[in-house]
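Each of the two chains sits in its own frame; use the hints to bring them together as a complex.
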Amino acid sequence: MNTEHPVIATEGLTIRFGGHVAVNNVTAEFRPGTLTAIVGPNGAGKTTYFNLISGQLPATSGSVRLYGEDITHLGAAQRTRRGIGRAFQLTNLFPNLTVLENVRMAVQSRAGLGLNLLSLWSDHVETIEKAEHYLHRVALAERRHESASALSHGDKRKLEVAILLALEPDIFMFDEPTAGMSVDEVPVVLELIRHMKEQGDKTILLVEHKMDVVRSLADRIVVLHNGYLVADGDPAEVMNSPIVQEAYLGMGVAEHV
Amino acid sequence: MMLHRLLSGDFPRSRILALALLAIVAALALAPFLFPGARALNVAATICVFVVLVASYDLLLGYTGIVSFAHTMFYGIGAYGIGLTLHSVGPTWGAVFMGLTIALLLSLALALVIGLFSLRVKAIFYAMITLAVASAFAVLASQLSDFTGGEDGRTFGVPELLRPGFRLVEAEVFGTAINGKLITYYLVFFSALALFLLLLRVVNSPFGRVLQAIRENDFRAEALGYRTVVYRTLANCLSAVVATLAGALMALWLRYAGPQTTLSFTIMMDILLIVVIGGMGTLYGAVVGAALFILAQNYLQALMKQGSDALVAVPLLANLLHPDRWLLWLGVLFVLSVYFFPTGIVGKLRNLKRS
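Chains as they are written, first to last, in the working numbering: chain A, 1 to 257; chain B, 1 to 355.
Hint data in this document are derived by calculation from the structure and do not stem from the laboratory.
The structure presented is a predicted model; accordingly, all values stated were derived computationally and were not measured.
A virtual CB, placed ideally from N, CA and C, is assigned to each residue, including glycine.
Mixed in with the good hints, there may be bad ones.
Reference listing, derived: stretches of chain B covered by chain A, where coverage requires no fewer than 3 residues with Cβ under 8 Å from a Cβ of chain A [to be verified]:
| no. | region |
| --- | --- |
| 1 | 179-188 |
| 2 | 201-214 |
Estimated spans, in silico, between C-beta atoms of each pair [what the hints assert, rightly or not]:
| no. | chain 1 | residue 1 | chain 2 | residue 2 | range |
| --- | --- | --- | --- | --- | --- |
| 3 | A | ASP219 | B | ALA194 | 56 to 64 Å |
| 4 | B | THR266 | A | HIS73 | 43 to 51 Å |
| 5 | A | ASP123 | B | ALA194 | 16 to 24 Å |
| 6 | B | ILE16 | A | ASP212 | 53 to 61 Å |
| 7 | B | ALA26 | A | SER119 | 40 to 48 Å |
| 8 | B | LEU295 | A | ASP170 | 55 to 63 Å |
| 9 | B | LEU295 | A | LEU118 | 26 to 34 Å |
| 10 | A | HIS73 | B | MET128 | 45 to 53 Å |
| 11 | A | ASP212 | B | MET2 | 25 to 33 Å |
| 12 | B | LEU197 | A | THR27 | 54 to 62 Å |
| 13 | B | TYR186 | A | LEU118 | 22 to 30 Å |
| 14 | B | LEU3 | A | ASP170 | 38 to 46 Å |
| 15 | B | GLY331 | A | ASP184 | 54 to 62 Å |
| 16 | A | LEU118 | B | ALA132 | 52 to 60 Å |
Chain B extracted, bound-state conformation (with noise of 0.2 Å):
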């Protein structure tokens, strides 16, 4: 009964898929101590931020029928908002606090305004609305280098308590460190299973009901009385700002805001293939994705050089599976995985259970 409220009452709908999910959460639940290593732990923390981003967008292109090319803004602007305030006022809780709220109120007057302007109009106008002011931003942020350091991004200072240098206590527990660095990726960890628990019941409310069925029909939705564009504003606000703190939560997580890791296009192109490879419209997608791309993303490279190493005999082989090819690698798994589920992971398995 609990789990219920706590899901919203949206299952998992198929045992594999819960299984997979319940590996993955407590996995990263566990990471610290599971696996040990700068490395892993940074993919962990990658993961959870991921997961959080690529549900809001999905909250847009897979329950609204939203195609924005913004969301990297909004996930940017709370990296920044961080990230500058830190820097300009000093490694404090209250400048957390204030970067925070400017970035928040800064992305929800964008998604507000970009709504309220294009969302009357049709898709393909506001995506490229969405496109256009993204690219101003980005260019924006690169050029007011006095102020955010421009291509080189800004490294910052982060609250004591959040520090690797910091102990909470000395001792070590199952052979780690409780210092600053797992303190700050437990806050990552809880943040983003409350942010995401918090957009399963948006989804799963009346108002998710009606996004839905302005996705399938929005004449329609606005004959019955839905005032689609507030609707639609509403959940672009909504996206906007979980994306920002998920930006918050990354920068805080690396220390540092820069283009490359919040603004580029590159990290638009990873959303939105994670919310298709995951299943759109399903939000546990979102999970199952992140967690197969990230770890592909930094892991595909040196298993490809152990098979490359491995069969170094085997002349063509050993070349196709070369370190260097990992992107075209991962670009054949997209290919497949897009090809035998169209519906993304989450919908195959679920429909796997009905036939």
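So here's chain A without its partners, still in its complex pose (with noise of 0.2 Å):
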């Protein structure tokens, strides 16, 4: 199902920490209904790759377009309210808000009803109500009066999918949403992703270690390596690919494979 423009898309995008380049001339399109893994060893630019796209970083070199538009120079919260939605991967939350408070920052932020001075936030029910649906998704809407610091690794992983949720965007970046979660938690949020990926119009990048559940959800895998883009393809194709076997072993993490 492509379409004229990707939905997303770096060009040479390229970030420099000093000498230390962490993501080098990485090209690459993202278009609807495909679900991409972003895989490589440790150290590697996949989450600085995300920070880039998402305007957590700026780029040092190089573009990001959002349906052929440019928006390099935008920032971070410019970018969510125009579809990009980003999880993090280590649990960013507000620790002394509620758990329902914490998505309906989200829900807000989507209505654009931050700049409301005068209105009660009490009163505002219609957010009330979607934050509660998206926590029922992540199986956390008994906890919602909860401050969110109390929660458990796993519970707090999962909030932060339900936050992603609510700000309803276009493209979804999952930043190892599965990372810490005990063995009964991870098939909730992989149902989510796989739900939402059986919607058929979302963008998901998804930046995942585990290469068991990349193979059961990926439509296409991106290999970074050393800031570079080494692979891009068939999942399959990816895998068995010389230079991914040798990008893995060579850094002698081969239990990822």
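Encoded structure:
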């Protein structure tokens, strides 16, 4: 289901930290209805690549295009408002707000209500209902009135996913959504991602270490190594290509393959 | 239901706190009748003004997590705006509104510029910038003495309605004359009440919740699509505008604007202390904190004199309670209150209920 423009594309995207080039000249396109897994050894630049796309880091050179429009100069907030949604690898919540309030912050941003100074936050029933809906989706509804800091690690990860869903973006960026989750918690999140994928119109980017997860979900795999894009294509093909085998084996992280 | 809307759904959530707030508001509302005497009424008016001043600072410090030292500058702009305009134009209502408009525009412009230039950077840098700007402003106010009256400040006349000599009705009510002083007091009281309720509404609005989110995790707030610099700058402007109005009220009450009553760094410290003692991020803390602090500031010395006189036979104690030591005891009170109520008086009272 190719459209004229890819939803999001990077061209020669590069970021330098002093002498270290964390992401080096990466060109890739992402189309709707496709789940792309971005894999690579630790330090390959996967999360940095994500940060460049969602705007947490400014690119040294190259560009990011959203529906063909150059958004390289935009900050993270503006990119989010244009439909790039991001969940973080290291849990990144509002610890003293409740679970429900955490999700409501996302719903409210999406609804553009943030600059409303004189209405009552508690009167916005529609944002409460929407937030509760997304909490149900990740099986956290019962804990909605607890503060986010009281959640277990696995539940915090789920809350992170609920916040991303509540942003209702066009592009979902998951950065190791199941990292540190217990075995019985993982399926809830994977099911959600699979469900989202089956809706067919979402562009999903997934950084993931667990190869079984990648195999079961990905339509396409992009491999980063030392900041370079070294392989891009059909999962079976990419996994078996010599360059990928070498990149992983060469780093001594064979257990990921 | 009406109370719910008035308080923006933000109830005291502690019976003791609710009673304390009721007592403070009732005492302030009836102050001219309950506490006759110029000094008592002055204390009551100062409490009203400080509640607003501290609450507007809490919007920055407690709700948004911004440390600013420029709050007294905005307070001073309000006071001088009224004072200098009335001084040069004359005691008319037109001059009051003109002074207020000039002051509000100046405050808004300064808050906007300081905000846009420095709120994108680290918190400590913002604190330093505000300190520098506020110091420069204080120096300017004292140096331009032809215009501002320098260190002496300016005394000025107020519109006739607000003059002590003005009588609304000839008869006395409960032994209190209905004069211009009383009218000025109620102008201060009701303005303070309205401004406080407005701030309470703002912190409980969707905007207020974004400010709290920014305080908690600004990186995440930005990632959710909130441009934090816009929100911080807006909070800064709002806080500055309210502080300016507080300064204007104080000037109208004192019929005087000068560096010691508005711009001094001591007042900035007082504001910080009241916020911390009352409880950051609660707004009600501003009410309780300001009442306690202003009362202590005004009556601790007298109380100690009584204690010292009573204990004149006990040499060490009498000496310790000597009225000249009142600042020492005020300091001890602060240290103790911060030690025992790290979340402020309001935070402590609310936790009492929960445990």
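Going down the list of hints, with the structure as the test:
1. Beta-carbon proximity to chain A at under 8 Å applies to 0 residues in the region 179-188 of chain B; the threshold of 3 is not reached and the given coverage is violated.
2. Using a Cβ-Cβ cut-off of 8 Å, 11 residues of the region 201-214 of chain B lie near chain A, which meets the minimum of three, so the contact claim holds.
3. Evaluation of the 56 to 64 Å hint for A:ASP219 and B:ALA194 yields a pass: the beta carbon distance comes to about 60 Å.
4. For the pair B:THR266 and A:HIS73, the supplied restraint of 43 to 51 Å holds, since their beta-carbon distance comes to about 46 Å.
5. Taken as a hint, the range 16 to 24 Å holds for the pair A:ASP123 and B:ALA194, whose Cβ atoms sit roughly 21 Å apart.
6. Here the CB-CB span from B:ILE16 to A:ASP212 is close to 58 Å, well matched to the stated 53 to 61 Å.
7. Look at B:ALA26 against A:SER119: about 30 Å separates their beta carbons, and that is not inside 40 to 48 Å.
8. Checked against the hint of 55 to 63 Å, the pair B:LEU295 and A:ASP170 passes, with Cβ atoms roughly 58 Å apart.
9. The beta-carbon spacing between B:LEU295 and A:LEU118, approximately 33 Å, falls within the hinted interval of 26 to 34 Å.
10. The hinted range of 45 to 53 Å is not satisfied by A:HIS73 and B:MET128, whose Cβ atoms lie roughly 29 Å apart.
11. As the Cβ distance of A:ASP212 to B:MET2 is approximately 60 Å, the hint placing it in 25 to 33 Å is violated.
12. In this structure the supplied range 54 to 62 Å holds for B:LEU197 paired with A:THR27, their Cβ-Cβ distance being about 57 Å.
13. Restraint check, B:TYR186 to A:LEU118: a C-beta distance of roughly 25 Å satisfies the suggested window 22 to 30 Å.
14. Take B:LEU3 and A:ASP170: their Cβ atoms lie about 44 Å apart, and the range 38 to 46 Å holds.
15. At about 57 Å, the CB distance of B:GLY331 to A:ASP184 agrees with the hint of 54 to 62 Å.
16. About 34 Å separates the C-beta atoms of A:LEU118 and B:ALA132, a value inconsistent with the hinted range of 52 to 60 Å.
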